[in-house]
Every structure is written in C-alpha cells, then in structure tokens.
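Chain B is fixed; fit chain H onto it per the hints.
Residues per chain, in single letters:
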Amino acid sequence: MIRATGLTRRFGTRTAVNNVSFEVTRGEIVALLGPNGAGKTTTMRMLAGLIAPTSGAVTLDGVQLTRATGSALRSRIGFLTESPGLWDRLTVRENLTVYAGLYGLAHAERTIDRALEIFELSSRAGTRTAELSKGTRQKVALARTLLHDPVVLLLDEPTSGLDPEVTRTVRQLLDEKRAAGCAILMSTHNLDEAERLADRVAVLQERLLAIDRPEALRQRLTTGRLIVRIAGDASRYVDAARRAVPGIEVTMDGVALAVRLPSPEEQTPTLVAALVAAGARILEVRVEIPALEDVYLHLTQQEG
Amino acid sequence: MRIRTLVTKEFLDLARNRAALLPVVLVTVLSLVLPFGIVVVVPALTGRGLGDDSDLVMVSAVAGIHADLSDDGHVQLFLFQQFLMLFLLTPITGAMALAAHAIVGEKQARTLEPLLATPVTTYEILTAKVIGALAPTLAISLAGLVIYFGGILLFGAPGVIGAMASARTFVLVFLVAPAAALLSLQAAILISSRVNDARTAQQFGVLIILPLTGILVAQFTGTVWLSAGTLAVLGLGLLVLWILLTLLSVALFERESILTRWR
Chain B
1 MIRATGLTRR FGTRTAVNNV SFEVTRGEIV ALLGPNGAGK TTTMRMLAGL
51 IAPTSGAVTL DGVQLTRATG SALRSRIGFL TESPGLWDRL TVRENLTVYA
101 GLYGLAHAER TIDRALEIFE LSSRAGTRTA ELSKGTRQKV ALARTLLHDP
151 VVLLLDEPTS GLDPEVTRTV RQLLDEKRAA GCAILMSTHN LDEAERLADR
201 VAVLQERLLA IDRPEALRQR LTTGRLIVRI AGDASRYVDA ARRAVPGIEV
251 TMDGVALAVR LPSPEEQTPT LVAALVAAGA RILEVRVEIP ALEDVYLHLT
301 QQEG
Chain H
1001 MRIRTLVTKE FLDLARNRAA LLPVVLVTVL SLVLPFGIVV VVPALTGRGL
1051 GDDSDLVMVS AVAGIHADLS DDGHVQLFLF QQFLMLFLLT PITGAMALAA
1101 HAIVGEKQAR TLEPLLATPV TTYEILTAKV IGALAPTLAI SLAGLVIYFG
1151 GILLFGAPGV IGAMASARTF VLVFLVAPAA ALLSLQAAIL ISSRVNDART
1201 AQQFGVLIIL PLTGILVAQF TGTVWLSAGT LAVLGLGLLV LWILLTLLSV
1251 ALFERESILT RWR
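In order, the protein sequence lines correspond to chains B and H. Okay, so the first sequence: first residue is 1 according to my numbering, each after it adds one. Okay, so the second sequence: first residue is 1001 according to my numbering, each after it adds one.
To be clear, the hints were calculated from the coordinates, so they are not data collected in a lab. It is possible that part of the hints are untrue.
As the list claims (entries may be wrong) - No farther apart than 20 Å at their CA atoms in a straight line, the calculated lysine to any residue pairs in the SDA-like style are these:
{"hint": "1", "chain 1": "B", "residue 1": "134", "chain 2": "H", "residue 2": "1108"}
{"hint": "2", "chain 1": "H", "residue 1": "1107", "chain 2": "B", "residue 2": "83"}
{"hint": "3", "chain 1": "B", "residue 1": "177", "chain 2": "B", "residue 2": "120"}
{"hint": "4", "chain 1": "B", "residue 1": "134", "chain 2": "B", "residue 2": "190"}
{"hint": "5", "chain 1": "B", "residue 1": "134", "chain 2": "H", "residue 2": "1109"}
Computed from a prediction, not measured in an experiment: that's the story for all the values here.
Okay, chain B solo, but in the shape it has when bound (with noise of 0.2 Å):
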C-alpha cells in the first residue's frame, strides 16, 4: 500500500533519517517506535508528501509521491500532526466543515455529523476550539483526519494527551479502520499501546533498527531463561535443580527459581519432574521474555 524505498533526509550536514526502508500494507498497523529526534515526524512528513526526501522514494499503491501527483495523493492520506492544529476561532464543526470542503466531500454535513458522534463531540460542535480542553483537541484533529475516509493513516502520536476512555475509543477506532482495510503507520513513546494495538514494530533512530511483529521482537532479546515459581522458600530446591539437569545455570530470581537451560524442549519436563519429586509445589513454569521496551531500549542504547 504505501511504501517507502531508501528514504533519506539531510537538513544542511545533518542527516535526520537515513536509509529508511519499508511498507505498511493494506489493513495493517505498523508502530513507529524511536527516541525524541530519531526522525519520527520528520518520516511521518515524507510519508504524507509534505517534505521531499533528500534521497529514496515513497510509492502509495505503486504511484511514486512527487509534485505532480502529491495533490491526488494526498487526498487518499490522513495526516495527523503532532500538534492539533486547529483554527482557535473557528468552531470544532467549522474546522471540521473547512477540511470536508478542501477534499470535496459530497456529503459533508452527514459526514462531520458522523464523525461528532464517533468521537463524541456532537455536544461541542458549536464550540471554539480554543475553549477545548488538550485531550478534546486531539479528538477534534483525530476527526478531521479521519473526515474523508482515507486509505492510509498517518498518525503522529495519536492518543498523547488522551484520558484512558478516549484513548480505547481511538484504539477500537483503528481497530476497525484496520479491519476496513486501512494501512495505518502510527507514531508512538507508548510501549505498551504498540504491543497492543501494532501489527509490526518500528524501531528508529535515524536509520530503521528493527521492524517485526512484536513477539519476533521480543524473542530476539530473549534470554533462554526459564522462570520456576514455588509455594515457599524456593532457593530449597536450587540443589535438587542442579542435580536434576547437570552443568545448568540456577540463580534466584526474586522468589523464583531462574534457570537456563541449553535445550529447553528436551529438559523443561526432566527439570520439573526433578522437583516435584523433591516435594517443590510448582505454582508457575514460563520462559523468560523480555518487554519490548526491553527490545527497544536494547537496540536504542546500542545504536548510541
């Protein structure tokens, strides 16, 4: 769907992306993960045709984003900006109105009034915007981005500011927009929305460090740790662990038993035998998987 080929981007002699490469596809989420300055919005940008690349190229369904054809293509692309945007004078129904004019919508009025109601800001529509609170703001702008349908989403942190209520409207929002078809690249500092809501995972800092499913992610750092949790003293059993799989590493891990095992298929069943055996009350048996903020801290401080 929408494709970013090499992209590069120099301001003077510093570069602010450098060699990105990838594609949300159609009915995709992809998460755009990376510190402040890692050239997020500055990708963001080049995405939605607002600034050219230096070098590389951006395609939506194989038309190459030039000037010629940013205008139409624009039109298929919503771009939420990091910062609202909005007319403070205007009403959240006029800037609405003035946005549903400027991509033609043929039923403008049926539209906003929809899209009021998504958002629940039918009871504000007569207000001025400046009168909004942050969180009420960044519904307004999610609305308009959202006004003309498009076929890409690109959305610059879209639930920053947002209450918890409105935060899980946005995300059942792009749930569905997912679902509709919509290839949906979003920037976030938030972890644990990523994780939810991302098809794939985004890692940048300048360059493109990783882009995975989440899981995949995670597994990459994983430790080949497992984690035995025991009713009582576990350190009681750290002997009889020893004893059970010869040469293994055990430590205690808080109150759990932390044992890596070179092949975990073959010796899990053994390890836990052993100490049921010893009398253990195993209460939980997991391997260690590391957050993806552990991921993504891992491949920030190593790149810098």
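Just chain H, lined up with the frame of chain B:
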C-alpha cells in the same frame, strides 16, 4: 471550490477577530476627518472662506477650471481630490495588517501543517489569503468613500460633487486603489511566507507604503498632479506588478522550509 472554502474560513476567522480590522477603520476615519475638518470645520470656525486665500485659489487651478464653481468651490475641489488619495492608504493599511499574519500566523498557530497535508495547492492557499484580506478592507474603504462623497454632497460648495465625478476619480477609486491594495497584499503575503514572525512581516510591509506616501506628499505640495491618464497607467502598472509578484509568491512559497525551518 477549495479557494471558496478557504476564503470562507478567512472571513469566519476575521469575524471573530474584529480588532484586526481596527487599523483600516482608523485610517478610514482619519481619511474622513482630515478633509472635512480642513474644508468645512476650519473655515466655519475662522469665518474665512477657502476662496479668500489667493495662494490656495491659484494652486487649486491644477484640478481644472470649472465655470460653474466659485473660488471656494475650486479650492474645495482641489482639496477633496487631494484627500481622495488618502483612500489609497485605507485598503493598503488594512491589507498589510491582515496579510502580514497570513502565513506566519498559520505557522505560529501550527495550523499550516495539517492544511498542507490536504490536496490544497500553494496557488489556492495564496489566492484565498489575498481575497480573505482584500475583500473586507476594500469593503471598509468603499464604505468610507460613500461617506466621503455623501459628505461632499452635503457640505461641499454647489457643483463640487459634480466636478468630483470625473474620470480621474473613477480611475483612482476603481483601478489604482484596488491595484495598490492587491500589490501591497501580495507583497505582505510573500514576506509573511519568508519570515519567522508577524512583526517582521509588518515591518517589511511598511516599506510598500513609502513610495505611495511620496506621491501623496508631492501632490499636496502641488509639484505633481496625477491626471486620469497618468493614474490609469499607474494602476495598470501596479496590476502588472501584482501579477508578477503573485507568480513570485507561488515560486517562493517553500512548503518544506516553512515546515522544517520555522520554530
């Protein structure tokens, strides 16, 4: 269609920010108070008619000799013609005040980026900005002119209003004034899209008024009298300059720089 949408937005915005029109209203009021103060109030207070001043009568001959006008009428005609030039300043002042904020104001309010993300073209944005600033200022200026001519009809000497209804007045009101306003507007918008804050845009914009002020001063001193023909050439010249400036504005409107270099 998109231009109409953006112009509507400009009007809505202006309707909620009427203070932005204060400069143009003040200049209009000044353009009305000054001539009637000098032509009507001062003679009434001093008890001396304008026609009693032989120097003034002599200078006023440049406005043309009308058989049906008294000396008083000739001086009034000369002065009212001179002060008519002030109405050139009205749309220019208004346009400057509004247009200086046009692009830089959008950028500062962070409303420009979402706008540029729509299919709207640079030409459409700039045209809407020009119309959005020009229409209200011309409307105020026109209202001022109606009052001006109404005042001449009421307070002027007999025959002055008839003598004012000349080709010169017509060219000045309907060609030179809008053309000067368009040119200053376009210049202000061009500057507004190249600087970082509205104050700088306004400071640069003031430079546009200087040549016009020069013409006004020259007229008042009697060293220059712009005939209808000269004014028509001036008006057309201003229009040509406006077209060139419009093309330059579109060429110099760098979306990228506006988004990435402004902080």
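Against the structure, the hints:
Straight-line distance between C-alpha atoms of residue 134 of chain B and residue 1108 of chain H comes to about 17 Å, which keeps the hinted pair within the 20 Å bound. Annotation: proposed proximity of residue 1107 of chain H to residue 83 of chain B holds, straight-line Cα distance about 11 Å (limit 20 Å). At roughly 18 Å between alpha-carbon atoms, residue 177 of chain B and residue 120 of chain B fall within 20 Å of each other, so this suggested pair holds. With a C-alpha separation of about 18 Å, the suggested pairing of residue 134 of chain B with residue 190 of chain B holds against the 20 Å cut-off.
With a C-alpha separation of about 15 Å, the suggested pair residue 134 of chain B and residue 1109 of chain H falls inside the 20 Å cut-off, and the hint holds.
Of the hints listed earlier, there is not a single one the structure fails to meet.
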